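Dock chain one against chain two, each of which comes alone in its own frame, and use the hints as you go.
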Amino acid sequence: MNTVIAPALGLALAVDECTDPILELRGATKRFVRPLDAAARLANALGGSAKEEVVHAVDAVDLAIDPGEVVGLVGESGCGKSTLGRLAVGLLGLTSGQRWWRGRPLTALKPAAARAQQLKMQMIFQDPYASLNPRLRVMDIVGEAPLAHRLIGRKQQVEYVGLQLNRVGLDPTLMRRFPHQFSGGQRARIGIARALAVKPEFLVCDESMAALDVSIQAQVLNLFMDLRATLDLTYLFISHDLGVVEHISDRVMVMYLGRIVESGPTEALFTKPNHPYTMALLAEVGKVVPGKRAFIPIRGEVPSPLSPPGGCHFHPRCPYVMPVCHDVVPPLVAIAPGRRSACHLNAEATPR
Amino acid sequence: MSVPLLEVEGLRTHFFTKAGVVKAVDDVSFTVSKGEVLGLVGESGSGKTMIGYSIMGLIDPPGRIVSGRIVLGGRDLRALSPEALRQLRGNRIAMIFQDPMMTLNPVLRIDVQMVETILAHESLPRAAAMERSRAALVRVGIPSPDERLSAYPHQFSGGMRQRVAIAIALLNNPDLIIADEPTTALDVTIQGQILYEMQKLTRETGAAMIWVTHDLAVVAGLADRVCVMYAGRIVEEGTVADVIERPVHPYTQGLLDSVPSRTARGVRLKPIQGMAPSLADLPLGCAFRDRCGRSIDACLGAPETRMVGDLSRGRAVRCHNPLPPVAVLE
Ligand SMILES: Nc1ncnc2c1ncn2[C@@H]1O[C@H](COP(=O)(O)OP(=O)(O)OP(=O)(O)O)[C@@H](O)[C@H]1O
Ligand SMILES: Nc1ncnc2c1ncn2[C@@H]1O[C@H](COP(=O)(O)OP(=O)(O)OP(=O)(O)O)[C@@H](O)[C@H]1O
Ligand code: SF4
Ligand SMILES: [Mg+2]
Ligand SMILES: [Mg+2]
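Top to bottom, those sequences are chains A and B. Mapping the first sequence onto our numbering, position 241 (from 1) lands on 249, and the numbers just tick up by one. Mapping the second sequence onto our numbering, position 273 (from 1) lands on 450, and the numbers just tick up by one.
FYI, nobody ran anything at the bench for these hints, they're computed from the structure. Because the structure is a prediction, the values reported are computed rather than measured. Here a beta-carbon is modelled for each residue, glycine too, at the ideal position from N, C-alpha and C. Check each hint, because a few of them may be wrong.
[Said to hold, decoys possible] Pairwise CB distance ranges (calculated):
no., chain 1, residue 1, chain 2, residue 2, range
1, B, Gly451, A, Ile160, 36 to 42 Å
2, B, Ala297, A, Ala344, 56 to 62 Å
3, A, Arg307, B, Gly197, 48 to 54 Å
4, A, Ser85, B, Arg483, 39 to 45 Å
5, B, Pro283, A, Phe40, 24 to 30 Å
One chain only, chain B, in its complex shape (with noise of 0.2 Å):
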């Protein structure tokens, strides 16, 4: 594999808050290439979207970066300044969010922030910005673009203004693109467009994609190798087929077995037992332990990661006691 595009590197992301340290996320590394598609899998509250905020410099107090490395394309981005990481966003890197609302503004026309969008980043005729936009919009799939053009955003339905947003945050080609659910809160038929533009585009423009998302079956159709999230930290990573075939996490593999679409109707499904603990108050060792079947000894101290198998496949694990069949090289 060449040079990644973005580098994480034992990032920690935590909130201060009256009732204590909220870990958010504790001690995360990735790595995204170029033209790749990482999927960021977990429950809900386990850092997913804490983890997209620390690299577009999005955390606010009483959060911060406690600590870690976010390396993109070369570039330090904790070293850099408020203003030149403000470039770098909706240029370099763009997040398109569950909630299109926080990249639209309600009281502007659509071409006013496309065109706003571009000029913000590049010295550009305005005709020339607004052809850019219009084309954006054709980009992904919106009807007579020309009229839209002029619309506000509540004037489009939910899966249009989502698919504006989108194509908002595609206006300057980002090489990274970190998309947070932006289809959960859509129908069925109109999310199936939207991962169909979205396969499109990174296809066309070779950008490399964050996809957080809560459907494994998104995932499993989507990402080139996925990151499963709990209690702020990742727990296991490898390819889509690695993980979803063959989990060694015991939280993974419980995951799995909840889905009811994996298991014949009517079958009792095999769910995890419990909830996931509060981050202000994590238990000692493996945060998982309380609700996992095969925890021993070992596991009241905290794990470290651990490669699994075949390393050039990047399939690591943070586990005492991980499933079989895959070896786990020390």
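With the rest of the complex left out, here is chain A (with noise of 0.2 Å):
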């Protein structure tokens, strides 16, 4: 990549401000190497020059969770959204960067206590359809892994599958059906049920919306609200959603092309965003009010993560670009108490 690192004016405040993170990712970095395909291995064989395609799904991304707080993460396809919360709960391994749980590297930790600490990030996966195995029965679905973790013994399986059926609103005595037998807002809750099953802190809810209709969806999500209060559970919560988050998040994060580039508490960010990505991602989000409005869209096209734009990621489709905006990487600074946002233009006038 061809492009400028800005002065490191962000990095003293680069860690959120929160005190006491449940989680925390510093300069979290996650590439992914599309290697070549057989022609093009053969193409080179004979001399041509075709090189692995490396996408840069995060990058340099820091974010600290505190306990019980609601995270959104919102972005449009592709921008790592998904990379991001698998890195976070684990599932993925970072390319660079450190991960904390509780003001501990997790590397850190001797195996069998990184297994455990393991178990206390879930996730909730994107499409409840594919998400759960067709041949297993609800209750080894759920059961599977308490049982793998000697959380359970094989004869308490069906009293401890039942109670987290009935904390998600299933009925128990469905348990021996398979995943087909239910319906798309049932298959949502039995996800939530088997990542609930291990008795986790912390979960990232990963779309887990997104095939629902709207009033399943806000049964789902008012069960979200509850198991917070409930469980004392802490989330990630991403999607494609701004209303969605709007309405469940304390605080939001916005990425675009693998970078966030804007941070802050729900209603601030909402009300008055600060970066113009976030502007435009907000003009879009309708509100449900009748009477014409002129849809104003924003220019352009989400631009390939295989070769973004240089300097700011954003500047090809940016209404207020300016000639820095080209080269220089913006650095994600706080433009208020709690809020942080990775534009020139806040370097150029002050507040705006």
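What follows is the structure, encoded as structure tokens:
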């Protein structure tokens, strides 16, 4: 990449202001290398010069989540939300950067201790249809992990699974059924019960609403909020749906092509977005208010993460673009208490 | 209101499956006038797409239009020969699908597909057809159209592909466009672009549009009138302002209460309890009965569609116990 890294203006402030975070990522980076296909390898053998493609799915992200907090993560498709979620729970390894759990770097733990910590972080997946093994009964889908980790014995399985199902509002008498015998909303609940069965403290909910009807989605959202209160859970909540994120989150982070471009308390961020990308995103969130409105589009396509634009990734689409935006990566800096934004306009003129 | 462009009356489209008769569309009536945008909303599986397919003549076995009239500009579409209907499709009526690849052929260049579409309905010199294709791409906001014309569908991003599909649907200036959730799979900023183009195009050409969606916010900002569907039936109809601000059907009310952005942050939502019934095994009477907080004994019988309030505004509800405040005229 031919971008110049900005002077480390924001670095001192790099970690969010949380005092005692439950989970922390520092400079989290994930690169995926797409290996050459057979044709390209053959071409290379004959003197071609095809290179492996590298995707910077997550690019030096700092993230700190307080116990009990709900942090929303929004951004367009392919910007790296799921990858960041997987990094946070440890389903993917970091290319570089660090992961801390309750004030301790996770790399410092012995394997057994690390596995125990690992259970405390669970992910609830994007698609309730694809994420449940169709050949397993609900009883085993939910009971598998607690059994494997010896949280319960075989004899307790029925009772334990029944408890988990009750908690998510499913009838325990249905536990001998298979996933295809349930509706989308019920399947979402099964996925939630499975994650809760290992007594996690931190959940990454990856777009678990996307496949649901609004009326069912509302039931599941309520469930998430109830569980948060009764079980003291901490969430990283990933979604395309800004309405959902606004509803459930205490704090929101906005991602664009692998980087966090803005973060702040939900209300402040939604009422007064700072970053031009956040502004564009919010302008598109329709309210359910009758009256024809003029849809004002933001220009341009979402660029390919394989070759993101230099400088500020957003500059080709930004209505306020300046020469500096082409070459220099804007640092994510504090713009108000609890708020950060990565835009050169903030250095240009004082408060906006 | 003048004579409507499209008149659908008593439409029933059923699927005859091993598991029973799926009443995907069951006694549906509505009209669309020239230049009007009609929003069609409702739960997944409620029959929205099948209404579009019925109008387009795209229902395949085991499905069949069992009864009803579909009249476009005075012509009864159900009485037309398959050939005459094919002529009408892509010419007077066009459908835009959720998945643009329903419209696009992956192995043909864009220019070939566009020119073929024009020449199928009109005899025109190739060069003129090419020029019109190019103009259509410009119209939907595709940059460098000349290069794009010679590209294949896979060389486009999802948003671009959908715009090409829209450009193709609009090539022959149809009188009626049926848009079936064309922006649902797209990113919000791209969705904004497409809504903008569609709004502009209908304004410019005066085409009528049926916009199918889950997204009440989009309907609120785009449509003139809305039909709300539940289990194969239209349960409420009216102007956007009436339906969204003063819903009278309990299902519409429930749908609106389920949208997070309407309520304060962190406040519990008021979702509709339970889930939609199977269309192959509908309960007797009102299909919403089991989930409805307002059901009364009468709901064991099927409700008829009744006009509500000011008749001139075409407000109708299919419910035995609709919400106040609007009085029901018998
Ligand atoms: N295992 C992988 N191998 C190669 N590339 C990957 C892999 N997983 C993700 N990517 C790429 O990394 C980028 C970020 O993907 P990610 O799934 O995190 O996006 P996302 O924000 O969750 O998108 P969506 O909203 O569509 O779910 C994308 O360009 C994607 O193609
Ligand atoms: N070929 C078929 N055989 C049997 N049933 C069918 C067939 N095609 C559609 N259906 C049924 O018709 C009903 C209406 O389907 P339709 O696609 O119109 O729903 P929809 O309102 O468009 O839903 P969505 O919002 O999910 O797109 C569904 O219950 C569906 O299962
Ligand atoms: S840094 Fe420049 S290009 Fe990026 S959002 Fe700010 S003004 Fe726009
Ligand atoms: Mg994702
Ligand atoms: Mg549909």
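Hints breached by this structure
1
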